[in-house]
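Chemist: One line per chain: the protein sequences are R and F, in this order.
Just so we're aligned: the first sequence equals residues 3 to 545 in my numbering.
Just so we're aligned: the second sequence equals residues 91 to 337 in my numbering.
These are calculated hints, taken from the structure and not from any lab test.
A hint or two may mislead.
Part of the chain F face toward chain R, derived, beta carbon under 7 Å [stated by the list, open to error]:
(1) A228
(2) M229
(3) D231
(4) R287
(5) G290
Glycine included, every Cβ here is placed at the ideal spot set by N, Cα and C.
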Amino acid sequence: MSTTLADAAAAAPETRPRRTAALWVPDWPVLAAMGAAQVPAHLPAAVHDGRRVVAASAQARRQGVRRGMRRRAAQQCCPELVLLNADPGRDAREFEPVALAAETVVAGIEVARPGLVLLPAAGAGRYHGSELVLAERLVDAVAEVGCQAQVGMADGVGAAVLAARAHAMVPPGETARFLAGRSVAELQHVTTDGAAEVADLVDLLVRLGVRTLGDLARLPRGDVLARFGVWGEWAHRVASGQDDRPTALRRPEPDVAVATELDPPVERLEQTAFVARRLAEELHATMVAAGVGCGRVRITAATTEGAELVRTWRTDTALGGLSVARLTDRVRWQLDGWLTAQQARRGGADDPRPGPLVRLGLLAEEVVAVGAEQGRLWGQAAGADLRAQRAVHRVQGLLGPEAVLAARVQGGREVRDQVHLVPWGEERPPERRVDAPWPGRLPPPAPATVLPAPVAVQLCGTDGRRVEVDARLGMSADPAVVWWPDGTSQTAVTGWAGPWPVVQRWWGDTPHRAVYLQATLEDGRAVLLALTDGAWALEALYD
Amino acid sequence: MSAVAVPGRPVALDRAAVARAVLARAEERTGTARRPWGDRGDVVRGPVRDHGVRSLPVDPTLDALLPSGLERGTTLTVAGSTSLLLAMLARASADGAWVAVVGLPAVGLLAAHQLGLSLERLVLVPDAGPDGPRVLAAMVDGVDAVVVGDVALTDVDRRKLSARARERSAVLLSTGPWPGASVVLTAQGSRWSGVGRGEGRLRTRVLTVAREGRGAAGRGWHGQVPLPGVGAARGARLLGLDGRRAG
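Isolated chain R (complex conformation) (with noise of 0.2 Å):
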């Protein structure tokens, strides 16, 4: 068996994993929660996840107090433990400011998991000069921000997770040595994703005699994947030193943003027009400085009271390609909109009633390199998608950026529900599932004439007086005429399918109840009807 690892360790040169090195602090829920909570580094604390105490400060740890303790075991070896909740979020947000010390030592990190950070070390070394070098910066740079971490490096990410707890350097090719030797139970440490599923597999491995790391690894692997699984076969890598997985680089590229303060607030158009083109300008050079590009623009205002107003509008669509006059026309359109009330109205009910602006800022969102935008499936936007779009810009900017409408389908019953009509190039999710059943809708073909609103009319029956619809949908006399809204011209029924009830939004604040009928007419045509609260109305033409 020693033969057989002494042959991977003498082949591992080409297939050695590369090496990383891993920055741990040690209890990092608890740090982070005494922090957040502003708990006095001295007394003994403890997160609790409502059930089971899932970190412990050394102070506690040295009373006795352990992972997976119920809170009143914990609370009786050690009666003044701070018992903090558990909270993910708040761990990760308190550890960005670790990551970025460690991101000033090495440029490209790995957060792995709060408390965790993964670099690649081999080059990193090399620029500081030695491994030994890049661990002491790393652990000096996290110590300005107050943590005490511990730095481990050995080939590949499992291995340098453990010698990052070990505190221990492990020389190139030694890896499976320095794994061999440790228990089966450390493997819980590596894992970032699959606690409960290692957690069981540690167990199995132990009651099965597998106790050690160097145990499971003289296991031959296509063995240990049939009797494992998937994890079985992620354990057995690790185990082997060939945990081989590149780290997931997070390349800080934060979103461009640029603002100003309007002071005074600006109430008028004419003003806005400066502020407007000299944001954009700065956003623009911010952007090709940066060599980036984006797919959406969010322009953000405040306004003097307290009031938020946001609108994304995406690049490719609306802008057509960032460029300066482009960027200008759309923040000073969207500008004329939220100051003007009669277009605020027009613009949607979710805007605020719009006041004097005292802060604008814009922020490109979907930042990417310059080259590496995402084409459509068919590649880039061709000459006649360009030309269309200039010149529905054209027409924006002769009309206003509301007068151009883009329509999508959405879920809905009726027909004017089924369509989500927004401004051209505005960033709007459609307000209903199109995938949903809808059961109810009205059947296809759609009528190619919808009125804008419904036309008063009298469904007349064949005894001469108005079509009434019972509550069983029995009419009260089949439809036989339909006088139009003069009031002097009628045109005779030939045919009607229906009555189709639509009953919706009944709990909510917008209720709405109807009857439909379609008709077919003596002169060909054919016509929805609708009847609400008891009057009849034409909705739309299938002209």
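Start from chain R and add chain F according to the hints.
Modeler: Using the frame of chain R, we list chain F on its own:
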């Protein structure tokens, strides 16, 4: 350039041709020029059924009505049926053409979708206001087919727009009268099927259309067109509405 040299031909001529082709492709891609129609050496001036560069394709069910498709640069009038108008544009829109609808606030967009139009390339200007002529001119410059609804235009504006459409190889479709339209389609009545006296639903219909106008495309014709056509069936299938009322 030896790769393009053809034996028996002077190399210089080929290089010039290649250069011209590259320039044309670049112009087409960047959108600075639209592909001129009709005058290209590589386009065979074939029979009128050539739906290539010179015209936008239409659904096969409309072949009798528009034997040469929607010819680029022409102006058509479609009166009396919005469905017919949308059905005429469905195939071209699905094939990548851009469509603008100006001054038709009542157009049924769900119907357009079900007929097969691509809403991604459909630009709506419900109310062009007093700037109608300028809006239409901008649209004609950039969009393949422009539908003109209720827009305040004088006859001079209309003639100018027709000339502009001819120059820019766009198709103008008007729902109202238009002097000088090459094709005038008038829906004269329809017969619906599928609906009874209190049962069924509107399913299909046959639309009686009269065609007149100028030239070969506008030769007098009177006939019946089935609507909704193939495109609608496709749209309905995509929506999962295979003829049943949902629910």
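Chemist: Next, verify each hint and record whether it holds.
Modeler: Consistency of the hints with the structure:
At its closest, the beta carbon of F/A228 sits 4 Å from a beta carbon of chain R; the interface hint therefore holds under the 7 Å criterion. The beta carbon of F/M229 comes within 6 Å of a beta carbon in chain R, closer than 7 Å, and the hint placing it at the interface holds. Below 7 Å, beta-carbon pairs count as interface contacts, and F/D231 has one with chain R at about 6 Å; its hint therefore holds. The criterion of a C-beta within 7 Å of any C-beta in chain R is met by F/R287, whose closest approach is roughly 6 Å, and the hint holds.
Interface hint status for F/G290: upheld, as the beta-carbon distance to the closest one in chain R is roughly 5 Å, under 7 Å.
The structure meets every hint from the earlier list without exception.
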